[in-house]
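Asker: Just so you know, the sequences run in chain order A and B. The numbering of the first sequence is the numbering used here, which starts it at 1 and goes up by one. The numbering of the second sequence is the numbering used here, which starts it at 1 and goes up by one.
Keep in mind that the hints were calculated from the coordinates and are not lab data. Heads up, a few of these hints could be off.
In silico SDA-like cross-links for lysine to any residue, where the CA-CA straight-line distance does not exceed 25 angstroms [as the list claims (entries may be wrong)]:
hint, chain 1, residue 1, chain 2, residue 2
1, A, 323, A, 274
2, A, 179, B, 25
3, B, 6, A, 139
4, A, 70, B, 159
Far from chain B by the CB rule (all over 10 angstroms, computed), these chain A residues [to be verified]:
hint, residue
5, 54
6, 58
7, 70
8, 127
9, 180
10, 217
11, 227
12, 253
13, 254
14, 255
15, 299
16, 324
17, 326
Calculated Cβ distances over 12 angstroms to all of chain B for the following chain A residues [to be verified]:
hint, residue
18, 42
19, 45
20, 52
21, 78
22, 143
23, 145
24, 171
25, 193
26, 245
27, 248
28, 293
29, 318
30, 325
31, 327
Note that beta-carbon positions come from the ideal geometry of N, C-alpha and C, so glycine has one too.
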Amino acid sequence: MKTNTNIENWNLIAKYYANECSQEEIDNLNIWIADNKNNEQIFNQTKQDLELINLTNSMNKINIDSAWEKVKNRIQEADENESVISKSRTLNFSRVFKYAAMVVILLGIGFISNKIYNNKVNNTFVEYLSNSEQGKELILPDGSTVVLNANSKLSFSKVFANNERRVTLEGEAFFDVTKNPNKPFIIETNNAEVKVLGTSFNVNANLPNKQVEVFVKTGLVQLSDASNSNNKILIEPGNVGVLDNKQIFKHTNIDANKIAWKTKEIVFKEEKLDNVIKILNRVYNANIVCTDQAVLDLNYTSTFEGQEIDSILNVICMTFNLKLDSTENQIKLIHHNN
Amino acid sequence: MNLLEKKILRRIKVGDIHEFETLFREYYERLCAFGNKYLGNLEQAEEVIQDTFYNIWKNREVINIKTSLKSYLYTAVKNNCLQVIRTRSLDIKYENYYKSHYSNESISPIDELNAKELSKVIDKALNSLPERCQKIFRMSRYEGLKYHEIAEKLKISIKTVEANMGKALKHFRGQLKDYAEIVS
Numbered sequence: 001m002k003t004n005t006n007i008e009n010w011n012l013i014a015k016y017y018a019n020e021c022s023q024e025e026i027d028n029l030n031i032w033i034a035d036n037k038n039n040e041q042i043f044n045q046t047k048q049d050l051e052l053i054n055l056t057n058s059m060n061k062i063n064i065d066s067a068w069e070k071v072k073n074r075i076q077e078a079d080e081n082e083s084v085i086s087k088s089r090t091l092n093f094s095r096v097f098k099y100a101a102m103v104v105i106l107l108g109i110g111f112i113s114n115k116i117y118n119n120k121v122n123n124t125f126v127e128y129l130s131n132s133e134q135g136k137e138l139i140l141p142d143g144s145t146v147v148l149n150a151n152s153k154l155s156f157s158k159v160f161a162n163n164e165r166r167v168t169l170e171g172e173a174f175f176d177v178t179k180n181p182n183k184p185f186i187i188e189t190n191n192a193e194v195k196v197l198g199t200s201f202n203v204n205a206n207l208p209n210k211q212v213e214v215f216v217k218t219g220l221v222q223l224s225d226a227s228n229s230n231n232k233i234l235i236e237p238g239n240v241g242v243l244d245n246k247q248i249f250k251h252t253n254i255d256a257n258k259i260a261w262k263t264k265e266i267v268f269k270e271e272k273l274d275n276v277i278k279i280l281n282r283v284y285n286a287n288i289v290c291t292d293q294a295v296l297d298l299n300y301t302s303t304f305e306g307q308e309i310d311s312i313l314n315v316i317c318m319t320f321n322l323k324l325d326s327t328e329n330q331i332k333l334i335h336h337n338n
Numbered sequence: 001m002n003l004l005e006k007k008i009l010r011r012i013k014v015g016d017i018h019e020f021e022t023l024f025r026e027y028y029e030r031l032c033a034f035g036n037k038y039l040g041n042l043e044q045a046e047e048v049i050q051d052t053f054y055n056i057w058k059n060r061e062v063i064n065i066k067t068s069l070k071s072y073l074y075t076a077v078k079n080n081c082l083q084v085i086r087t088r089s090l091d092i093k094y095e096n097y098y099k100s101h102y103s104n105e106s107i108s109p110i111d112e113l114n115a116k117e118l119s120k121v122i123d124k125a126l127n128s129l130p131e132r133c134q135k136i137f138r139m140s141r142y143e144g145l146k147y148h149e150i151a152e153k154l155k156i157s158i159k160t161v162e163a164n165m166g167k168a169l170k171h172f173r174g175q176l177k178d179y180a181e182i183v184s
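With the rest of the complex left out, here is chain A (with noise of 0.2 angstroms):
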């Protein structure tokens, strides 16, 4: 076999891998692999490669879209398998016991939300209550997601109408709204309503006298007077739009800290100790309190990242050389030498 030229034995593995050979093609060629590493190697690798080839023809056969909606299909038959379930299920332990709260509050309130929205018997509302736990990120039915500060509220319904994504809100919320050109997302919040097809924003209705402030900060956000339609303004990435009694307004937006609740992200300037507290208190929904006007009046200058409310504290005590007196409630911040 030695005397083959090289395409002739390619030849012959062909054929074997056909199932073409004949016995004693079979026995040539194994005299002909078991000549040397060589040729070993290349019937071996010529195996792995018609395995790759067919491989890849019956992967061209795959239809990812028909696999996931598959899975899709069974995953909704088990939710809604699960919700009947879980409405019989004993309540176990705590994580269980704080949903089945929420669906308690949600049916007292869904009712009357039912009530305001024609009575829809087959729309559902889901409702969101943060209460003083911050930072709680919902997801809503078509995908944009809802970051909530502390004391808020969102409620929607489970499936959006054709023509829109409504959702009521109070208090204040961060969106991240999935683009929709077809399906504007509206939000409902005293009296405003707020309207984009797409993007991310900041929105607080948690101000004195019923004000609503939406910071955006991509995308074009129209906020409009709920009972004047007339009434509205376009808000640009970077500008905050104002409703105050049904006057409405938008100016460039000049606190850093605007949405620091949601990114714990937070600049000081040359900050008076009193501000520096009132925005450490917003953003971190927390209950610090100073009544040394000294302490109170001096600038502080900083910026942190993602960091707890103790460390930002220690750091500023340690600047000012102040200690904390902690106590369920509250944080006091004192003078070393008082």
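Based on the hints, put chain B in the right spot on chain A.
Answerer: Here is chain B on its own, set in the frame of chain A:
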């Protein structure tokens, strides 16, 4: 786990089905090819991968992944394939064979290979062959025709079919060298 994977997992844990779909689409084909290695049957492999993803979603809140997301998926698929083999044949030896054969926990680079990428390489190799050679190769490998059937259809001699098949395999060997080196 890197930061991006952590973020993906976190979003899946809170019920983000879109993130889950992205993960599914990214890995589905590759995992099918990987499962096929164990089961020798792509349809069954597809079922296993779908089951695996369904179960991940179902248990997403309690799942605790210590390794990378990728190796978690491959390991899950591997275990589920072995489970299928176990129920398919009651012969324990068969399973042991597979276990010893693929005992190495690590994923071979070929498994990580993007199926689309490989498909491109093979298409390119096939398309760079002379037209008649391509045709003969396709008839033999993809349509399963015997040499004499191909010869009759194309009105050529069986020797010509043999020569073209040999030529095609030699050509593929040259083109797939890099990939096969990874495998061996």
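Asker: Hint by hint, say whether it matches the structure.
Answerer: Going down the list of hints, with the structure as the test:
no., hint, result
1, A:323 to A:274, "16 angstroms, holds"
2, A:179 to B:25, "21 angstroms, holds"
3, B:6 to A:139, "17 angstroms, holds"
4, A:70 to B:159, "48 angstroms, violated"
5, 54, "7 angstroms, violated"
6, 58, "5 angstroms, violated"
7, 70, "6 angstroms, violated"
8, 127, "16 angstroms, holds"
9, 180, "13 angstroms, holds"
10, 217, "18 angstroms, holds"
11, 227, "36 angstroms, holds"
12, 253, "27 angstroms, holds"
13, 254, "31 angstroms, holds"
14, 255, "27 angstroms, holds"
15, 299, "36 angstroms, holds"
16, 324, "32 angstroms, holds"
17, 326, "30 angstroms, holds"
18, 42, "7 angstroms, violated"
19, 45, "5 angstroms, violated"
20, 52, "6 angstroms, violated"
21, 78, "7 angstroms, violated"
22, 143, "4 angstroms, violated"
23, 145, "8 angstroms, violated"
24, 171, "20 angstroms, holds"
25, 193, "26 angstroms, holds"
26, 245, "37 angstroms, holds"
27, 248, "34 angstroms, holds"
28, 293, "44 angstroms, holds"
29, 318, "30 angstroms, holds"
30, 325, "36 angstroms, holds"
31, 327, "33 angstroms, holds"
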